[in-house]
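J.: Sequence:
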Amino acid sequence: MAGRLAGKVAIVTGAGSRGEGIGNGKAAAVLFAREGASVVCVDQVASRASETVDMIGGEGGTASVFECDVAH
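Residue 40 in the numbering used here is what sits at position 40 of the sequence shown, and the numbering runs on without skipping anything.
Rather than coming from a laboratory, the hints here were simulated on the basis of the structure. Be a bit skeptical, because a hint or two may be false.
As the list claims (entries may be wrong) - Pair ranges (Cβ atoms, derived):
id: 1; residue 1: His72; residue 2: Gly3; range: 27 to 37 angstroms
id: 2; residue 1: His72; residue 2: Ala6; range: 19 to 29 angstroms
id: 3; residue 1: Ile11; residue 2: Asp54; range: 10 to 20 angstroms
id: 4; residue 1: Ala27; residue 2: Ser47; range: 10 to 20 angstroms
id: 5; residue 1: Ile11; residue 2: Glu59; range: 11 to 21 angstroms
id: 6; residue 1: Ala46; residue 2: Asn24; range: 10 to 20 angstroms
The C-beta atom is built at its ideal place from N, Cα and C for all residues, glycine as well.
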């Protein structure tokens with residue numbers, strides 16, 4: 001994936017989605033990856049962020065998971 005963000009790293013908090021559908025964080029992470037960024041998917045629940053990482057990887061992008069609560 002190449003685009004305007006090639007060579008950049010995007011850190012997206014709330015990158016997982018609860019339930020069905022795609023939340024704002026997940027959507028942002030996928031769009032950043034489509035523009036060429038390597039994405040760090042941050043969420044309180046690692047398994048939710050992993051779903052986003054899998055989606056990005058399935059489209060040929062690069063992403064990783066970081067589990068944390070940014071409120072603390």
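J.: With 19 to 29 angstroms as the target window, see if His72 and Ala6 comply at their CB atoms.
T.: 33 angstroms, violated
J.: Could one say that the CB atoms of Ala46 and Asn24 fall in the range 10 to 20 angstroms?
T.: 19 angstroms, holds
J.: Could you say whether the range 11 to 21 angstroms given as a hint is met by the Cβ separation of Ile11 and Glu59?
T.: 19 angstroms, holds
J.: Is the hinted range of 10 to 20 angstroms satisfied by the C-beta distance from Ala27 to Ser47?
T.: 18 angstroms, holds
J.: Is 10 to 20 angstroms respected by the C-beta to C-beta distance linking Ile11 and Asp54?
T.: 18 angstroms, holds
J.: For the pair His72 and Gly3, does the Cβ-Cβ distance stay inside 27 to 37 angstroms?
T.: 34 angstroms, holds
In this structure, the one hint that does not hold is number 2.
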